[in-house]
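Chains A and B, in that order, are what the protein sequence lines are.
Letter 92 of the first sequence, counting from 1, is numbered 760 in this note's numbering, and no numbers are missing.
Letter 130 of the second sequence, counting from 1, is numbered 143 in this note's numbering, and no numbers are missing.
The hints are simulated quantities; they were obtained by calculation from the structure and are not laboratory data.
Just so it is clear, the structure is predicted and the values come from calculations on it, not from any experiment.
Be aware that a few hints might be false.
To be verified - Using 25 angstroms as the maximum straight-line C-alpha spacing, the simulated SDA-like pairs for lysine to any residue come out as follows:
1. Lys710/A x Glu97/B
2. Lys828/A x Glu723/A
3. Lys215/B x Gly1019/A
4. Lys868/A x Arg124/B
5. Lys19/B x Ile875/A
6. Lys714/A x Lys215/B
7. Lys984/A x Lys19/B
8. Lys710/A x Arg124/B
9. Lys860/A x Met67/B
10. Lys710/A x Lys19/B
11. Lys868/A x Val26/B
12. Lys938/A x Ile875/A
13. Lys714/A x Glu97/B
What the hints assert, rightly or not - Facing chain A, from chain B, some residues (calculated, C-beta under 8 angstroms):
14. Glu53
15. Ile77
16. Glu78
17. Ala86
The beta-carbon is built from N, C-alpha and C at its ideal position, and this holds for glycine as well.
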Amino acid sequence: MADKVLMKGNEAIAEAAIIAGCRHYFGYPITPQTEVAAYMAKKMPKIGGCFLQAESEIAAINMVYGVSSAGKRVMTSSSSPGISLKGEGLSYLAGSDLPALVVNVQRGGPGLGGIQPSQSDYFQATRGGGHGDYHMIVLAPASVQEMAELTVKGFDLADKYRMTSMILADGTMGQMMEPVSLDFDIKPEPEKPWATTGTKLEREHNIVNSLSLVPEELETLNMKRYERYKEVEKNETMYEEYMVDDADIIIAAFGIAARVSKNAVNEARKQGIKAGLIRPITLWPFPKAPFEKAVEHAKAFISVELSMGQMIEDVKLATSCKVPVTLCNRVGGMIPDPEQVLKSIIEVNNGGVE
Amino acid sequence: MVVFDKPHALIDVPLHYCPGCTHGIIHRLVAEVIDELGIEGKTIGIAPVGCSVMAYNYFNCDMIEAAHGRAPAVATGVKRADPENHIVFTYQGDGDLASIGMAETVHAAARNENITVIFINNAIYGMTGGQMAPTSLPGQVTQTSPYGRDTKHCGFPIKVCEMLSELEGPEYLERVTVNSVKNIRTAKKAIKKAFQNQIDGKGFSLIEVISSCPTNWGMTPQAALKWIDDKMIPYYPLGVYKDRSAEKEAE
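Sequences and hints are given; from them, build the entire structure.
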């Protein structure tokens, strides 16, 4: 087994990106993800890479657009308010079918909000974030190890499907320290014959573009993109199940909320309540299958979130509202503790909360 | 025998520009320079949002269409992806470069980003139908300044070359126009220098081209060219605003 090193989540993302072959990083300072930029600023010059502090989040995402157009692995990271600014770029990346990795270490909102952990950008991330019909692959790590693993995976998926992969983390994931193994199986990067690297007078010119003024053509482009999205849904959905098989009460939670919930599930089991946990790892595509299966035996679901209830909508859709789905949440930078989740499990088990 | 032909770097398709618009001339100058410097195979152009949004269909080199105003940031990415092998230019209008994309423009210049910027200043938003631009002249009538640009209400035009010349960063800034054969020759020289600077690794070069928009100025093409002499050039004087290499040599 490979040696483990103690790292912050944000640093694990940065190191994993370098291991995955990313040599271009652009960002703008914002708490609580600044360690990613600081790590890149130290490392990139020493390995022939490029770290550049952009003048804004908008510029940073467009620098990403430029490097991606030129066919190279590239990333940016930010936190909630900064991701809103990147929204324009995310839409253009999707419209031009460009791969990229974007990290959102979420903080409480709306507006300037706070700087403490949050999961309230779930809608923004899973519904695209910018204008137009599109999706990003949204990956939700629940440990520092996964911060690293999903970063490597994110680059692979981005290249494979010519999409943006977003790591949707939160302040705790970014700041917490855990032992990490950085021993990854790095796949070769696919050829990118569409990239604008100069024709060398050997081929027709390549165009990277999201403009399409003929409605019939734009419709076809959108339809084709969604066929690709269907492939992603079919092939790339990831989730973890914990004590789901015989469970009456099933918690849906991702990231830090899932870790807290696991403790509550264990405690509930001790008290004789058959509780379980489904932890989506891909938030888009949302893992519908485990919910469709579990709703056949579960009495109720509880969505545990650091938001006013966003993923709960996907849980209701995936379970077709066949049984009650309730929300257990904290917001504004607060995190539910296992006692709160356990209380929620007991109430739901007693039929006390609808 | 000299035969008049299209530059190789310009694709032989009809341009969509209005009759009398000077975009065609400027496209040609850029393409001639790319040919003469033998850089078409390594050049990547960035088109803006605005009248020249479809420039990607006209230049034979690899092309990227950027979001409105973001071309210098996109160009930064493309250049930094392979600084040794990429020649990168942006082609931007006044709304794109001096309004929505001002931050990207100023910071690319401040970083002395080794790119070439072709800046078309025709004092109006053409594509959207003739609204007031950041470079519209005081008193100029546009769709969104129907009583003439009132500087008390919406301020003054931005003189991009003058403003950028105050920065340490940029290598070369020149304002030219293309309303006469003589001026076209000067413009071509400036554009060539802007590309040569990039080849030589000297850094950020911006050529502001005072251009005409007969359609939205509501003039004949000829009257529009005269309006450049009568109104635009007095406000936007032609000339070199910064040439760091020349300044160094002079010292």
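Okay, the hints, checked on the actual structure:
1. Lys710/A x Glu97/B: Between Lys710/A and Glu97/B the Cα gap is close to 23 angstroms, so the pair holds against 25 angstroms.
2. Lys828/A x Glu723/A: 30 angstroms, violated
3. Lys215/B x Gly1019/A: 73 angstroms, violated
4. Lys868/A x Arg124/B: 28 angstroms, violated
5. Lys19/B x Ile875/A: The given pair, whose Cα atoms are some 21 angstroms apart, holds under the 25 angstroms limit.
6. Lys714/A x Lys215/B: 24 angstroms, holds
7. Lys984/A x Lys19/B: 62 angstroms, violated
8. Lys710/A x Arg124/B: 19 angstroms, holds
9. Lys860/A x Met67/B: Measuring from Cα to Cα gives roughly 23 angstroms; hence the hint holds.
10. Lys710/A x Lys19/B: Violated. Lys710/A to Lys19/B sits at ~49 angstroms, over the 25 angstroms cutoff.
11. Lys868/A x Val26/B: Since the Cα atoms of Lys868/A and Val26/B sit roughly 21 angstroms apart, the hinted pair holds (cutoff 25 angstroms).
12. Lys938/A x Ile875/A: 61 angstroms, violated
13. Lys714/A x Glu97/B: The given pair, whose Cα atoms are some 18 angstroms apart, holds under the 25 angstroms limit.
14. Glu53: Since chain A brings a Cβ to about 6 angstroms from Glu53/B, closer than 8 angstroms, the hint holds.
15. Ile77: 4 angstroms, holds
16. Glu78: 4 angstroms, holds
17. Ala86: Cβ of Ala86/B sits 4 angstroms from chain A, so the hint holds.
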